[in-house]
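Trainee: Per full-length UniProt numbering, the very first residue in the sequence shown carries number 1; after that it's consecutive.
Bear in mind the hints are in silico, worked out from the structure with no lab data behind them. Since we're looking at a predicted model, the values are computed, not measured. One or more hints might be untrue.
Dumping the calculated DSBU-like pairs for lysine-lysine here, alpha-carbon to alpha-carbon at most 35 angstroms [unchecked claim]: (1) K83 / K58; (2) K83 / K53; (3) K58 / K91; (4) K91 / K53; (5) K97 / K83; (6) K58 / K97; (7) K53 / K97.
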Amino acid sequence: MGAATVAVTDATFDAEVRQSDIPVVVDFWAEWCGPCRQIGPALEELATELAGKVKIVKVNVDENPDSPAVLGVRGIPALFLFKDGQVVSNKIGAAPKAALANWINAAI
């Protein structure tokens, strides 16, 4: 994981995501998940490119089971976009960087 995305835990989820001043993309992922690793670099690049406009955070579902359970995450990668503390959009599965960028930009 690079410096662009922020690792979030169940303990820091509300502070980092729900109380954020800017929209937040939450990537629910796991070390063993191939598609999760596939979109990781694209999310890192987008976090850098969209810095200040949107924050991209990653939640490891194996280490932090509560946050995904509250949101009803059943498959990963699962991306949720929060705005003003609420989920405004979500996306399941891997997608190319351009598709991820379009999804984020459409929601913010």
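Trainee: Could you tell me which of the hints above the structure violates, numbers in ascending order?
Mentor: Per hint list: zero violations.
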